[in-house]
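Student: What follows is the residue order along each chain.
Protein chains: 2
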Amino acid sequence: MAEMRLIDVKKEILSDNQARAAENRELLRRNRVFMVNLMASPGAGKTSLILHTIRELQEAFRIGVIEGDIASAVDAEKVAAAGVPAVQLRTGGFCHLDATMISMALQEMELAKLDLVIVENVGNLVCPAEFDLGENKKAMILSIPEGDDKPLKYPLMFSVTDALVINKMDYLGGEADFDMTAFMARIQSLNQTVRTFKVSCKTGEGLESWTHWLRDEIASCRGAVPETIQ
Amino acid sequence: MAEMRLIDVKKEILSDNQARAAENRELLRRNRVFMVNLMASPGAGKTSLILHTIRELQEAFRIGVIEGDIASAVDAEKVAAAGVPAVQLRTGGFCHLDATMISMALQEMELAKLDLVIVENVGNLVCPAEFDLGENKKAMILSIPEGDDKPLKYPLMFSVTDALVINKMDYLGGEADFDMTAFMARIQSLNQTVRTFKVSCKTGEGLESWTHWLRDEIASCRGAVPETIQ
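Quick note, the sequences are listed as chains W and H, same order. If you read the first sequence in the working numbering, its first letter stands for residue 13, the second for the next number, and so on. If you read the second sequence in the working numbering, its first letter stands for residue 13, the second for the next number, and so on.
Be aware that one or more of the hints could be misleading.
What the hints assert, rightly or not - Calculated pairs, DSS-like style, for lysine-lysine (alpha carbon to alpha carbon, straight line, at most 27 Å):
# : chain 1 : residue 1 : chain 2 : residue 2
1 : W       : K22       : H       : K90
2 : W       : K23       : H       : K23
3 : W       : K22       : W       : K90
As the list claims (entries may be wrong) - Derived list of chain W stretches under chain H, where covered just means 3 residues or more per stretch with a C-beta under 8 Å from a C-beta of chain H:
# : region
4 : 16-30
5 : 115-124
Source of the hints: derived by calculation from the structure; they are not laboratory data. For glycine and all other residues, C-beta sits at the position ideal for the given N, C-alpha and C.
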């Protein structure tokens, strides 16, 4: 029997990523920019939530968006059309954003002129949860049609997120067979500190609680009520 | 319409990888080590081919193996049991090896005491083809039960490989509906310089042509017939 060594590649990669995330976090802190990392499955409503958030907050805050996408640039085009500067990270098949990619994007943004950066991560409930981007807060969306069992299947993302937006509430009680009590118990067992928001990006229901939370987080990150809304 | 910028992440990653691959290649050259990067789908016979190659060549050459695997270490254990030092790269979900991972593995090996390093890439016909590891030659296996249409579906790997081992030839004419003439025409249209070897790791058929090719490549890499077989 010859010698055998084991290298845990993922551990090494995550450790490198952690170092780069810390650099991003410091860059954001120096510029007093609040960054939120928005994660979800494809179709959960990430772009809709971002467009709504832009509409509600763009008078009070200077916003930039980083759009992660495997192949297209359609989401970044929608965001830019809404009047907010966007950087599109086309991953070319990669299933998540990492801190190095975010560092590339931050270099393209005028951080001194921004209060809030929203990162739309690649649509995927698995890998994005593993990678710290240097964000202030992680947020995720779970939409009603995806089912109440998702915390059982993808526990990591539900465990690490700071905010959980439950979207497409308008489906509840209709076609969707979604047990909200069981779902909330599953969330509670994974994450005792998560803030939850029940919303519908279609009807507008509940969205003010989400934007209110975001306003408070941005203000506390900037150390005071931002000058622009004083 | 605000400004929108596009960053092609994959291009940046591949460019970084290329630089690291060049470092690996230089390290191997200085140590007169020949490295082959073996790619294939899961179950095509990578580990069987490696074990056969070890048996045939370990008297003539000093061999080391780098085993890429998503989760387990079983292949590295088989290789070590065959008397050859092995480094297991556990990728933790990543679908390919890259030059940085290979650099980690090469640092764990006594290159001055080796003639041949065989890399068993992660089982996948897509991503491994994109990443130069710094190897001298790329080799791939296509097994008969996988079907003759694979060059149409995964053209990149068939285009970039230096050697193509067609394994499980014992299935031909039996259950397998494999049109060898059509398959070879597809290969020819993608890659005019590829060396092909029709083998069966089960019956041993054709394997001497593969090991003969490998002997010649190692010898030419070392600049002469290796001392150990003079």
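Student: Does each hint hold? Answer for all of them.
Tutor: Right, here's what the structure says about each hint:
Proximity of K22(W) to K90(H) is assessed by CA-CA distance (about 23 Å); at most 27 Å being required, the pair is judged to hold. With a C-alpha separation of about 24 Å, the suggested pairing of K23(W) with K23(H) holds against the 27 Å cut-off. The hinted pair formed by K22(W) and K90(W) fails the criterion: a straight-line CA distance of about 34 Å is larger than 27 Å. Counting residues of the region 16-30 of chain W whose CB lies closer than 8 Å to any CB of chain H gives 10, so the stated coverage by that chain holds, three being the minimum.
Given a C-beta distance limit of less than 8 Å, the hint that chain H covers the region 115-124 of chain W holds, as 3 residues qualify and 3 suffice.
Checked against the numbered hints above, the structure breaks only hint 3 and satisfies the rest.
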